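Visitor: This is what each chain is made of:
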Amino acid sequence: MESFALPHHGVTVHLGLFSPISNASALRTRLVAASTLPADDEGEAERAKLDFAFVDAAMLTSRLHLLTAVQQALLAQADDALKTKTVHSEVLFQLEPGTNITESLKHFGLGPTTKSLALVHIAPLTSVDDSSSAEAILSRMKDLVQLEPSSLDLLGQLPDGGTNEKSLRKYYKLNTDIVLTSQPAGSPQARQALDQLCIGAVALKVAA
Amino acid sequence: MPSLSKDVKAQVEATRLPPILSLIEQSQLIKQGAEAKVYKSTLFPSPLCTPSSSSSPPPPALPVLLKHRFPKTYRHSTLDALLTRQRVTGESRALVRCLKAGVKVPGLRCVDVKQGVLGMEWIEGWSVREVLGGGQEGDELPDEDGEEEEEEPDDVQEMLKGLGVDHDSLLQAVGAEIAKMHLAEVIHGDLTTSNMMVRLLPTRASPNDPLFEVVLIDFGLSSVSFLPEDRAVDLYVLERAFASTHPVSLLPSGEEGVPHFEQVLLGYKRAVEEKGKKGECSRIEKRLEEVRMRGRKRSMVG
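Residue numbers (this note's numbering), protein chains in the order written: chain A, 4 to 211; chain B, 198 to 499.
Read the hints as simulated data drawn from the structure, not as lab findings. A hint or two may mislead.
As the list claims (entries may be wrong) - Computed list of lysine-lysine pairs in DSS-like fashion (alpha-carbon distance at most 30 Å, straight line):
(1) A:176 x B:269
(2) A:173 x B:234
(3) B:475 x A:176
(4) B:472 x A:169
(5) B:358 x A:176
(6) A:88 x B:311
(7) B:311 x A:208
Being a predicted model, the structure only gives us computed values, none of them experimental.
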């Protein structure tokens, strides 16, 4: 898990990558159920446990891709311009190039067949050296997926073709872009170009 | 250091600045133009890794360039907000359009339309102006994205020469990059030697791989057009920029060699011939001749 202190936003962003997860379907059911629980102590406790952005890591090209979406979500929050209910769901919305929230959850959120999961938790600022809170968040993440975290360097090149480049190209409408068609598929240059285009698409969303 | 972060937080809350502006407050100002201020900053610091025993070291903080179109008090605030908004979106769209076409430009990192801030990938290198050893940074031209290095231009030149980067291949690469941009139907609008950077490429796999790449920057005045007229004007602006700063390369004997712009045009033509439509190159060339005769502005008589 990696924790980024962003003092200008007053938050710390925790990112964890978990691969390969086996309980995607159960986790998703739990997530849906939690949202319909009554607003009593029990319901709130369950929701607090699931207070993360659940991102399908197959749809991420790099940590910067995800961080750019987090950044734009935080900027939207500061502007009082959140399109979704929480800053966590806004991260998923920012990843989606369109304006349809349901589509964004479908494309980039946790699905029943998700094999690699990226968890994002945005918390009030703690000190960079304060590892205790980071430990606590990591153990909460581990409780959900029952797995040790993987290195975020794997994003964009998940083992066994885990990164879904085909869908990324489709959703971000990159299939006719010269920079991708001119490179042999799967080459490091093509991957880098895809990453740059995805980051650009996420950053451009507010301006599009 | 819990106290430090608390202080920072308190400070942020006290001033209630929008986050991107409080980031700018802690950033290093590189350059100020009439339209915008340019800063070097970091959007994401190097993270804390948990568990810390992870095999790989934490990724380093990546520098970014922030371009802040600050509010202009001489305009009505509504108009100012509108213009800033349009220009930030325009510039970021042009950057993405270039990225998609494979033109070397800084990658987009963050956009805040409301505050007028654009975050771009940091390009480590020198402007072509520095490499060619042109005179002082221009007073007459508003080059907002030009980055100044502390080093003396002479050192840069010597270093690049040592690596085997000669002026001719650099200038031809400049031409090729402009050609790619024009074929993507982007017109830069302010082509000067300060608005191009030279970036050294990491170690080469084969000796035929290029040593460096030319990165075009500052798309603040860019527009979208495929007309030979606009492309020719773009080239003409660059020709004038060369003419006023460093027109010709000097041969070791001290004599004057080929004009710099000729080399740029050579690289440009080669790339357009290769990738453009048939006859596109000659149309642009012909138009450039016309533009040279009459100047940048089209005659509006009649």
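Visitor: Are the hints correct? Go through all of them and say.
Guide: Each hint tested on the structure:
1. A:176 x B:269: Roughly 37 Å between the alpha carbons, so the hint for residue 176 (chain A) and residue 269 (chain B) is violated.
2. A:173 x B:234: Given pair residue 173 (chain A), residue 234 (chain B) is violated - Cα atoms ~37 Å apart, limit 30 Å.
3. B:475 x A:176: Given pair residue 475 (chain B), residue 176 (chain A) holds - Cα atoms ~28 Å apart, limit 30 Å.
4. B:472 x A:169: The hint holds at about 27 Å.
5. B:358 x A:176: Outside the cut-off at roughly 42 Å; violated.
6. A:88 x B:311: Roughly 21 Å between the alpha carbons, so the hint for residue 88 (chain A) and residue 311 (chain B) holds.
7. B:311 x A:208: Given pair residue 311 (chain B), residue 208 (chain A) holds - Cα atoms ~13 Å apart, limit 30 Å.
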